Each structure stands twice: as C-alpha cells, then as structure tokens.
Amino acid sequence: MAPLLQARGITKRFGGLTAVSDVSFEIEKGSIVGLIGPNGAGKTTFFNMITGLYTPSDGDMIFNGQRINGTKPSEVTKLGIGRTFQNIRLFAHMTALENVLVGQHCRMHTGLLGTLFRTPSMRAEEKAARQKAFALLEYVGLGRNSADEMAKNLPYGDQRRLEVARALATDPKLLLLDEPTAGMNPKETDALTELIYRVRDERDLTVLLIEHDMKVVMGISERVTVLDRGIKISEGLPREVQTDPKVVEAYLGTGHAAKGKGGGAPVFDKA
Amino acid sequence: MPNTKRYLTTGGVGFAVGTFFLWNYPNLGLGAALLGGLVIAALCLLYSAPLPDMIKAGLIAGMFGAVMTIVYGTHKPGVAIIAGMLSGLGAGLLAFQRSPQANPKKAAILGAEAGAIAGAWTGLALFVMAFVIAPAAGISAGDFAEHLSETVILADTLGLGSDILILLFAFGFSTLTGALLGAAACAARSLPLRPNIPLLAVIALPVLLIPLIDRAGNLLLLDALIPIYIFILLALGLNIVVGYAGLLDLGYAAFFAIGAYTTAMLSSPHLGINLSFWLVIWVAAAVAAIAGLTLGAPTLPLRGDYLAIVTLGFGEIVPILFRSLGGGPPGGTLTLRFFGMPIGIEQVDLTGGNKGINPISPPHLPLIGDFEPSNKIPWYYLLIVIMGLAIFFINRLRDSRQGRAWMAMREDELAADAMGINVVRTKLLAFSMGAMFSGFGGAFYGAFIGAIFPSSFDFSVSIILLCMVILGGLGNMTGVIVGGLLIQGADKMFIPKGAELFRRIAETKARAEDTSTVGVSALQDLTQQRLLLFGIVLVVMMLVRPEGLLPNERRKAELHPDDDTINSNSVAAEAEADPSLAA
Amino acid sequence: MAASQTPSSPQAAPLVPREPFLTKRRAFSIVGLIIFLGFFAIPIYQTILLEMWDSPRQLTQQIVIGLTKGTYIAVIALGYTLVYGILELINFAHGDLFMIGAFLSLIFISLFGLDPKTSSGITIFFSLLGILGLVMLCTAFLNAGIERFAYRPLRNAPRLAPLISAIGMSFVLQNVGIFLGDGLIWDKIADGLGSDAIGRVADAMGTQSVAPKNIPDLLPNGQVFFIPDSLKYTYKDLLVAVVSLGLLAGLYSFVRFTKLGKAIRATAQDRDAARLMGINADRTISVTFLIGGALGGAAGMIVGLYNGTALFSMGFTAGLLSFTAAVLGGIGNILGSALGGLLIGLILALSDQYIGTRWSNAVIFAILVLILLFRPTGLLGQEGGQKA
Amino acid sequence: MKRFLSFSLVLTMIMVILAACGTETGGTAKTTVTIVSSLPRTGSSKGQTDTIVNAIKMRLEEDKYAACNGNVEIKYEDLDDATAAKGAWDETKEAENANAAASNKDVMVYIGTFNSGAAKIAIPILNNAGIVMISPANTYPGLTKEGKGAEGEPAVYYPKGTRNYTRVVPADDLQGAAAGNWAKELGVTNVYILDDTELYGKGIADVFAATAEANGIKIAGRDSIDSKASDYKALMSKIAATNPDMIYFGGITQSNAGQLVKDMRAAGMTADKVKFMGPDGIYEQAFIDAAGADNAEGVYATFGGVPPSKLEGKGAEWYNAYKAKFNAEPEAYAAYGYDSTNVALAAINKSCDSINRETILKNVFATKDFDGVLGKWGFDASGDTTLTQMSGQQIKNGAFEFIQVLK
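Same order as they appear, the protein sequences are chains A, B, C and D. Residue numbers for the first sequence follow my numbering, beginning at 2 and rising by one. Residue numbers for the second sequence follow my numbering, beginning at 102 and rising by one. Residue numbers for the third sequence follow my numbering, beginning at 105 and rising by one. Residue numbers for the fourth sequence follow my numbering, beginning at 40 and rising by one.
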C-alpha cells in the first residue's frame, strides 16, 4: 500500500547551518509514527517542511502521491494535513468554539455574497459548522461551558486539547502533533495518549508526533524514527530503536553507551 | 487612603482650569473664573468619590448635556432639548452598564433616576447660561429666556410670561425627558432579546427626531452633525481593516478621496458626464473597493509598521495625483518621452487640480426633488439609511466565516495560515471591504458638500479616523460610533462653538470698555487652542482607557438560540449531524 | 513492513529533478521586473538620464543640495528609530519636537540679541554653540517628560494605545508652537518683567501666532574656498552637513561603544531579558528619549538657521518625511535610518530638478513602496524570522 | 411591567413632537437685516482681514447699526472660513458659513469671500438662496467673466441662472495683464513663472504668462510649488540654471511665498540680478515678516487699485479716520471692506419699503457711479467693478512703497 507521506532526501539549509540533511522517511496510512531526537535535532524544522512553512532546500516531500514542496501552508492543510504547535498558538482572544470554527474555514464554501445576504445555504453551513465544532469539543473532552471561554483563559491541559480539536476540524488525513504532552502531569498525559489512540482508531487518521516523553512515544507509536543533528540515525519498532547504540549515544553522550550495558532494561525507562 | 491621589489630582485639575480662565478672561470676573474651576473640581471629586453607580452615570451624561447647552446656549438655547434627551439616554445606558439589572422593572427605575439627574444637570446649565454666561456674552437674561421659549412651544401656549417660569419649565421638561428616555433605555437594555429591538428603537428615537427639533428651533445643528456621521461611517470601514483584520492602515483617507472623486467626475459638468447619484454611489463604492485591492496588494509581504508606512505612502500619493492631474501649468507640464513620442501626463484636466470639481449634482428623489444644500433634512435621513445598512452588513461580515478569518489572522497570522486560511485573500478582502464603505462615505460627502478639493483628504484625516477607531474600542462597532461622536463632537462642535462663546464674551467686554479687539493673543482666542484641547482629549482618554471606551469584550452569555437543540451526550446525534464523523 | 534504510522501493513516483528553477513566486517577480523596466525605464532614460547627461554640473549641484538636506533628515530619522527600537512605537510627537527646537533657537537668538549686521563673527559662533547646547537640553528634558507622562503609563497597554497618545502629544506640541510664536504673549511677559530682551523676542514673533517666523541669517554665506565657482556650496551648507554628520557619528558611537548604549540595545532586543540582566529598563528608556529629544532639538536649530524659518506646522511635514526615511533604511537600525535620510534628501532634490516639485512627495513614496516590495524590512532592516 | 414601559415611551413621543412643532412666533417690532462677512479670521491672513472687519464695523457704527432712518436694525456677524489646523480658508467651513447664511431668514447681504477658491463654493449655495454677495477681495476672472476662466465658467456657479455675485476689486485678467506690461517696462527678457496651484494663484500666473509672451518676454519655465514644503533650495537651483532676470509667483503669502523668496536669495538670485514680482496676494505686511526685510528688499507687487495712503478726497478722509480710530495702518483691502458695506447700506436704504433679499440684490446690482472712498465707481451687468486702476509697489527697506499707476 503506497505510504501516505514520503520524504525523500529532504535537506534544509539556513545559510551555513544544515538543520536537516538528506532525511528519507515514510508514514504508512493509519499508523502512528513517532519522531524523536535530542533538542536541536531538526524535528520541528522537518515538521515545518511538511506543513509548508519552510520550503525544503533539497529532496521531495510527497503526500498522497502528490509533490508538495513549496506549497503554501494553507494549501497543505487543504490537502489534508492538520497540525498542532510546540508552544500553543491558539487564537487567544477568540472563544474555544470560534477557534474550532476557524479550523473548518478551508472546508466551508460560503462566498462574500453568501455572507452579506445570509443565503439559506450559508445559514445551513454555519449551523452545521457550529454543531460539528461542539461535537469536536465534546470529542476532545472540553465541556459545553468552556465552549464560550476565551482560549487564553482555558487551563493549560484544555488549551492543548483545544489545539487538537482545532487540527481535527480541518478534516485532516495526516495529523501532526508537536510535543502534545509537553508540560503535562502524568494524569493529563495518559488522557491525551488515550485521545490519540481514539483519534487514530475512530477517525482512521495517520498520526506523526514529536515527543520527548519516552514512555508516551514508546507506548503509542508503532514505528519510531530518530533524528540527531539533522541526520536520521535510526528507524524501526520502538524496542529496536531503544536499544540501538547510536540512539543511546545521541541521547546520553558517548561515555554511557561505551560501557555497553547490553540488552538490559531500556535505558530511559521513566520509572 | 487609596484615593487621596485621586482627590489631589481632581482638585488640582479644577484649580488649574480656574486659573486658566482667570489668566485668559479677566473680564469674566474673579468670581466666575474661580466658580468655574471649583465646579469642575467638585465634579471631579464627585466622580472619584464612591457614589452609587446610578448617580455617577447621571453625573457623567449630565455633564455632557450641560457642556452642550452652555456652548450652544448663547447661539441657540433650544439645543437644551436635544442635550437633555441625549444625556438622559446616555445616563440610562451607562447606569445599566455599571450595574446590570435582570428584571426590566428595576432597570427602568434605575434608568429613570439616572436620566432625571442627567436632565436636571442640563436644566441647571440653562440657569447658569441665563444668569451668568449670557449677560457676559451680551445677551440679557430676558432675551435668552425669550429665545428659549420660542423653541419650547409649550412655554408660549401656557402663556409663561416671565423668564423664571420659562427657565423652570425648560428645567422640568429636560429632567422629565431625561428620566423617561433613561428609563426606556435601561429597561430595553435589560431585555435578553437578540437582536434587542426595543433598545434599537429607543436609541433610534432621538436620532430620528433631531432634524425635526432642529428645524423647529432653527438650531442649525445638522450642519455639524452630518459631517460627523460621515466620519463615523468611514471609521466603521476603517474598523474592519484595523479592528477586525489587525492591519494598521495610516492612509485610509485615500479611499475616501477615491470615492468622492469618482462621484465628482461622474456627476458634474467637469467631464461632461452627469449620472444620477443613485447609480454613482455604487460605482464609487466599487471603484474604491478595487482601489482597496490594488493598494492592498503591495502590502502583502509586509508586517506591522512596514505595512503601515506603505499605506501611509498611498495616503500621500493619491491626493497628490488628484492635485497634479488637473492640467499642468501651460508650458511646464511633465512630458515623458516614450520611444521618442512625448506623453503629456498633465495635458488632460482630469481631476480639476487644486481648483477642485464643483458643482456636483445632488441626489434626486421623485417626490422630494433635488436635495438642496440649504435644506439638510433629506440629506440627514439618507445618511442615516446608508449608515444603518453599513452597520447591518458589517455586523454580518463580522459574524461570518470571513469575519472569523480576519480575527484569526489578527491574533496569529502564522497559525491562521496553518489552519487553512488563505492569508493573501483574507487581507485583500479586508482592504477592499474597508475601502468599499469609505467609497460610500466619499460619494455622500462629494454630493453633500457639492465641491471637493484635494486638500480635504490629507494625512490628518487618516489620523483622526484612526484615533476614532482605537479610542472608541478596537474591533467593536458601538465603541467606534461612541468614540467617533466624542472626538468629532469635540473637534467640530464643542471647541469651535466654545471659541465663539469666549470671543463674544471678549467682544462684549471690549465694547463695554471701548477698547479695540484687534490684538487677541493666541491664549485668549480659543480657536487657536483647538489643537491643544484636541491633543489633551486624546492623551487623557488613552491614560484613562488604554483599551478604548467600549473594548471588544466577548459577551459570554450570548449563545445562539438554535444551540439548545444539540443534546451533547449522545454519540448518535453526533454521528447523524456530521456523516464524516462515522467511525 | 520492515523498516528499510535503503531508498524506497522502485514502484514509488519517478524521481523528479531536484529544485525547478522557475517556482511560481520567482516567475512572478521576474515578469514584474520586465514589465517595470520596459514601461518605466524607456521614458526615464529618454527624459531624465539624457537631461542629466546634458548638464553634469547641474546634476552635481542637485546631488550636493540633496545630500545636505539628507543629513538633517537623517538626524530627525534617528529620533524615530531610537524610540521605535526601544518601544516599538511610532513617535509622532518627534517631528513636533524638532519644530519646538527651531522656535527655541529663535527665542534664544533674540534673547542673546544676535544680529548678523551688528554682532561679530566670534560672538555669533560661540553664542550659537551655547544656544545649541541649551536647545538640546530643553528638548531632551521635554521629550523625557512626555515619555514619563504620556507613554510610561501605557507601557503594557494594547499596542496601538501609545500610538494615539503620541498623536495627541503631536497636536499638543503644535499648539505649544502656536503659543511660542505669539508676540502678544511675549509682550505681556515683557511688560510684566520689564525686560527688553523678552521685548526683542516679542518683535521676532510678530503679532500673528500662526504666521511663519523669520530666523536671522547668522551662518556664514561665503563660498567654500576649495569648491570651483561653477558649483555653489557655501560655508552654511558645509556647517549644516558637518554638524549633522557629527551628531550621527556621536550617536552611533554612543550606542555602539558605551555601557549605556549597550543597555539601550539590550532593552530594544528584549525588555524582560534586559531587566533580568540587571538593566533598569525604565531608566534606559528615559535616556533614549533624552537622546532622541536632544537630536530633535539640534535638528530643529540646524534647519531653522539653514532655511531661516520657524513655523508651528513644520514639524508635522518634516516628521512624515523623516519617518519614511527611517523605515526606508530599516526601522530600528541606526545606520539604516541615516542611509534612508540621505537617500530621501537625494530623491527630493533630483525629483525637483527633473520631474517637478509638485510630484516630489509622490516620487518619494513611490520609491519607498518599490524598495519595500523587494526588501520587506527596509534596506538594512534585519529579517524578523517567523518561528513556528 | 411592559405597560409602564410603553406608556413612558408614548409620553416622551408626545412631549418631543410638541416641542418639535414649535414654530418661530412673531419677530420683534423692527425688521432686522443681518449682514454676514465670511473671511479667513485664523491663520496668517488674519492681519489683512482684521482691517477689513474693522472697516465694516466702522461704516456700520457711522449709521449706528440702523437703516431706513431707524426702523431697520442692522446686525453684523463676522464668520470665519479658515481653520487653525490648515492656517488658511477651509472648504467645509466656507460651505458651512454659506449654508448657515442661506438658512437664516435675516441674512440679506454676504460680504465675502476673501479667497477666490472659497467663492467657488459659496456662490452656488447663495445663488440658490438669492442672497447678494459683495466681495472685497476676490480677483479670479472666471467667477464673473465668460471665457476668462476654465470652460463652463462662470455659468456653472449660478444654478438659478441669475447673477448674485459682485466684487469691488478689479479681476485678475486686468491685474495679470498690468503685471505683464509692467515687466516689459522694467526691461525683463526672460521670466520663470511659479504658482501655488490654487484657483487665484494659477489663474493670475496663466494670464501673466500670456501677456508676457505677447510682449515678447521669453518664458524660461513653469512649475507649481507645494505650499507645505519646508524649503525650495533644489527648485531655486534649477531656476538659477535657466538664468532668468525675473521670477513671477502667482499666489498668496500663506502659500509659503516668504520661504520661496528666502531660498531664491540664498541660491544667489539677489535683488539686483533677478527681480521677483507677485500679485496683490503678497501685498501685505505678513509677506515682509515671513521673508525677512532684507530678503524682501526690491520685491515688486501689483494691486488692483491704489494703496490706502494714496487715496484722495473721501478716501483720504477715511484713511485718516481709520488711523485715528484704530491707531494702526490699514492694510490694502480695508478700503474695499468699507466700500462694500457702503454699497450694501445704500442698497438697503433704497429698498426700505420691501426689505427682502431680491430687492436688496437688485439695488446692489443697480449701483452706478457711487461716490465711495475708492472714488466714483459702480457695478456692470456681470457684477464687476468699473474701477480698472492698477498700481505697482516695491518693497524698500522693510515696507511697500507706491511706484506708479499701471495701465
């Protein structure tokens, strides 16, 4: 089955610095893929190249068989890639409901005339959009009373969940999650992990997530890819990747790996 | 004591105002000057003292009515009626805003009390006028009362001969109308209807009645009110660009000019084309909207203040184009040679240059005939209709897909782009919508004034419009309208009329002491202090309310009625509502 | 599906060439360039360049006039850049501070009783130096006072609030200009204090407060010795250029090398981070306004003496021009603003000569828009990167 | 609760409607005629308009603000058509003044306007209202004369077809021509012409250019200045390169004429090498103050009429009476303000039996060889004065000096 997203030899140079060099990488439809690596490994840069924020200096980004190098972020979202951000970028002074309604913007078709004369089709679309927005808020676990709360007033966990709801509102085929559980306590992390599962199963979405919390990544992703200093150093099942000496060296520095503790307990078990 | 600082500042302000009057108008007499200073100091103290909201609301609105009466008093005492009504209405709305009441009955009482206080203040101002200021301005109390009775018909029919009775009647009348309108406004405001029809009716009542009262009392108020309404219409358009879409536009007067010049060119003998106003206003709006697109395009890659400077640039270029494309001076025109063939850019007298274009033919209606410049009433109601439509459509734009896209772009352009909003198209839509409404404003302005000149569309117009939008409350239409009324009111009504009052006082004194009034220093001639007073209003307003008078706070309780149909917990309902949700 | 390190299986989409040259965006700008050159270049060549070719002397003369004007526009533009850099605020009142500087110089000149015919060169030179210091002092403290009263309370108000406060302050200062220009007020003060020096100020101001005031021509008018007579360049032009460039250099070195200069740059970059590093942000901002005020005052005196006029509304028009120069060069960047100022002066002079004075303002803004199209953050402005 | 609300609403409606239909009850015994003047009372032309208003008041005080031996009371309103921000006349203000006059029944004479551009706005409005206008200072020919202005003028200003505009000062077609001939007399061969793009300035510059060319003077070049610019050094350098022996500026002091002369002298075109001539727009003390006495030395100015100090007979009496009353030198247009009021009062006194706008208008137009301070003059059918005398002045050590009468 053709992979949903295929990156071939993707490189990104910022002046002299090569943030991402020659990364090739595939995501199967319906799978959850983890993308890990120490800070500054180029994970978010890679993310931004998928969503069109940056244009790759080299290589091809192929989504659903279509080359999307250089397409504008709004076009990429229309094609079916929804995303969340590392540091939350919600529309602060708009209510949670409106944030999700904005997510549906590219799926709605009311033109200027429709708005000015409030045609029946416009009213119907608005009503459907509102109901879908309420449903999505419900889906991610935000109650009715927070629907009208301003985004900036929501608690941190709810804001993270609102960002997921907003991404889902764009009816994506591929969902990109940029450190969704960052700054969350264990209880919230579990709730979000459970949400990611539900999203993948109930809405047959493919998920690519960047995450530092190894327990989450290892628990949830079917396959993991590891980046270090812009190069892909390892890829495969979570267990294989965990014990791969190159990965250990990247994370814990050369000293620890050299001692060669062998196949013992995974090096970075959270316990 | 937390508010000693407040008492000190308010007391200081009162004292400063007193000495200012003393320095400038010694002839007002030490007593009157200090009295003025003390009254203002007392007001400030009252304002800062912990009084119940209702009294404070009445006080603030009442002061507005009193100032309007005093400033217009010597000229047209009848203005007190309108002042009483407006301040009563304002008091009611303010009282509700300060202490909202759910039950309309209690709200009506609250409004009535606040309105009564406001009306009383206006009435009181009439007394101060009759016995203190009018005599100083050369009008005896008797003349003043007689002038007043001419405009309040009841006084004559009731045969109120003596001045005191007339003044008392006017005082009662103003207090009563203030109370009634305050009560009506407050009660209507408390009804949880959406849209609140009774509230709109109560606000529309005085607005629609002003021309009749103006005609009856021959107050000539409309001459100032109509330009103010035009500027408010423009501010509403600018609010789309700056308020909703967050694009700082410093050259908005360019679209106002384009709208006015399109009307002028299409309905005046200048180019020989003379179409009817009803067609031309749409053409002007369309041309302005297109100009919005063309002038918006270069700003797309720019951010923040770079965008502001490019719009400022266009705001400067457009008037220069209109000023210079009026047939250059013979023998000196700019001719560019294109492959040897000279093109005289200024040969054709397209825009009439600094001579301007006039006369522009006014609108024509079957039964009313042509709108003459001297009879302002048809103009007034036409403008009210245009403004009503503008508010109606802008409201729709805001609560729509396009409106949300604008606000998302204002909040975080990058995130909006990532959420599938085509930022280029959204920005251009904002520019063209803003320009369209300013095109309507320009068309009306051209027809109303009858003659347009490039110098009335310069940078200061864009700046004043920006102040109206930001000071009123960014992104909130009622705020922009209130801010507009306040700023334009001060700029076009209170300061000039106040200057006339003080000049009249200076003249009566000079005539009394028979000295020549040729040399009046800038300190005494209030018109020379217009910039100072206007500047102080802006600075103080921003210190008191940095987020604007009526900031764009989201009314929480405002849920659409049709939302109750969703029963949130059943997955079935969810699935049926949106097929794509089906697992 | 075993993860495979090797490049993907053959049946994937055929390898497309690396990076096509003609992306949509680049094609669009090339076509635009061609249209622009074709449509404008030919007439520009045929009308303007040929004329320039005919009289190189007139061209150099206009370049000299343009650059001299450019130097003092740059000095004003610096005031805008400093304040913008530190507060992200377009300080509309700065132009009017420049006007107050011109009025103050006229007042001090009248107080000192300087007269080109009677007082000798030496006294003029030293008293002008003293007046320059006095004017810079007054406008500096005035500007710091404005910041303390009007802008500091709005420090964390919504971004556009201080903008309106600046516009309000601009109107207030214009009216102060009207008061300063009213001879009758000075008469009243002169009678009150009975001093004839103030009487001289009253005569200088005349009876019309809003009319332009004439500043006596105190700067030397002789032709500079090493300039050939065909080119008109007097000591007055030289003095204006030298003093302006001196101010530019002084400010640049102050900001670049002194401790306080570093504090200003740090606060401009990130106010909170600067606070963490122990910099008293409020004091630094006040110092910036002090310097901005001094620069504005000095520019006011230079222009007052050079053009010989003080008018209450000169600040508004000059301010608009200098703010454009600051943005053209890259707002917030000191060298950029200086460059922008010189460029604007040059464009003004050349456009007056070859296109026509009535079109000059339009030409400036047209060029500004063109430059911003190709460099969205001004000539030397740094690219404010957008981080996801 | 609803009952109370609706009751109060209805009550307010009644009260307000009653107030609204209050008609102006009978006026006082004496009929009042209001004379309105609309002149720029703010900005630097205030010096000039102060003396005009003084002259108007002086004339009205002579008749103790009454006419038709006492049973008509004259009221005078001094309206300002300028704003402090613009420092000059403002079109919305002028439209406001004209509309205020039109809708106030008592107003029957409108003395104004000072600037020709403002007249363009006021005439159509007052033409509809049938109010007579007497201008002490407008000189743009297109307001009254066929073919002298743009096409369509002057018919375009009189929508009702009848004329209601008169002026006491000769139009620019005469003054422009007189200036052209004077330049020839002064031996000028090469003139550079500037104007301030305004109706008055550009109009007179065009007439001057035509006359100069007819007199065989070469036109070195033509440009319009931006009156808001801070200096004109580059322009003056460009003009110096064409080495003209005269610069003619069509415009008023308020269009930065002072700065123009300053930069002209700074560019090396000193008074002996290059002459500077302007119309009556710069013939005022404010021009000398703005340019500075030594820069303004030798500047020529034309004026439609004779300066106040040179008036003879009644004019001389008036000149001394004015200096005595206001202990100040009257500016050039004061005499015209006086005679405008003179003619207005004469017309009112002739229409005592039926005081209304039409009869006063008719009587003003009927003025023939009126014995005023400006000599014996009257209005022709198009409303222009029969006076055609022009005079030439030159600035000598800080003051205008009368040089000669111009043909």
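What the hints contain is simulated information worked out from the structure, not anything from laboratory work. For clarity, every value in this text was computed on a predicted model and none was experimentally measured. Be careful, since some hints might not be right.
Chain D regions said to be covered by chain C (calculated; three or more residues, Cβ under 8 Å) [to be verified]:
{"hint": "1", "segment": "149 to 160"}
{"hint": "2", "segment": "192 to 202"}
{"hint": "3", "segment": "257 to 267"}
{"hint": "4", "segment": "321 to 329"}
Here are the simulated lysine-lysine pairs, BS3-like style, with alpha carbons at most 25 Å apart [unchecked claim]:
{"hint": "5", "chain 1": "D", "residue 1": "K312", "chain 2": "C", "residue 2": "K336"}
{"hint": "6", "chain 1": "B", "residue 1": "K610", "chain 2": "D", "residue 2": "K114"}
{"hint": "7", "chain 1": "D", "residue 1": "K144", "chain 2": "D", "residue 2": "K401"}
{"hint": "8", "chain 1": "B", "residue 1": "K610", "chain 2": "D", "residue 2": "K187"}
{"hint": "9", "chain 1": "D", "residue 1": "K312", "chain 2": "D", "residue 2": "K96"}
{"hint": "10", "chain 1": "D", "residue 1": "K144", "chain 2": "C", "residue 2": "K292"}
{"hint": "11", "chain 1": "D", "residue 1": "K312", "chain 2": "B", "residue 2": "K177"}
{"hint": "12", "chain 1": "D", "residue 1": "K103", "chain 2": "B", "residue 2": "K610"}
Chain B residues, not near chain D, derived (Cβ > 10 Å throughout) [to be verified]:
{"hint": "13", "residue": "P399"}
{"hint": "14", "residue": "H465"}
{"hint": "15", "residue": "Y481"}
{"hint": "16", "residue": "N523"}
{"hint": "17", "residue": "G551"}
{"hint": "18", "residue": "I553"}
{"hint": "19", "residue": "P652"}
Just so you know, even glycine gets a beta-carbon here, dropped at the ideal spot from N, CA and C.
Hints, verified against the model:
no.	hint	in the structure
1	149 to 160	violated (count 0)
2	192 to 202	violated (count 0)
3	257 to 267	holds (count 5)
4	321 to 329	holds (count 3)
5	D/K312 to C/K336	16 Å, holds
6	B/K610 to D/K114	18 Å, holds
7	D/K144 to D/K401	18 Å, holds
8	B/K610 to D/K187	47 Å, violated
9	D/K312 to D/K96	45 Å, violated
10	D/K144 to C/K292	43 Å, violated
11	D/K312 to B/K177	59 Å, violated
12	D/K103 to B/K610	19 Å, holds
13	P399	24 Å, holds
14	H465	14 Å, holds
15	Y481	13 Å, holds
16	N523	41 Å, holds
17	G551	7 Å, violated
18	I553	8 Å, violated
19	P652	29 Å, holds
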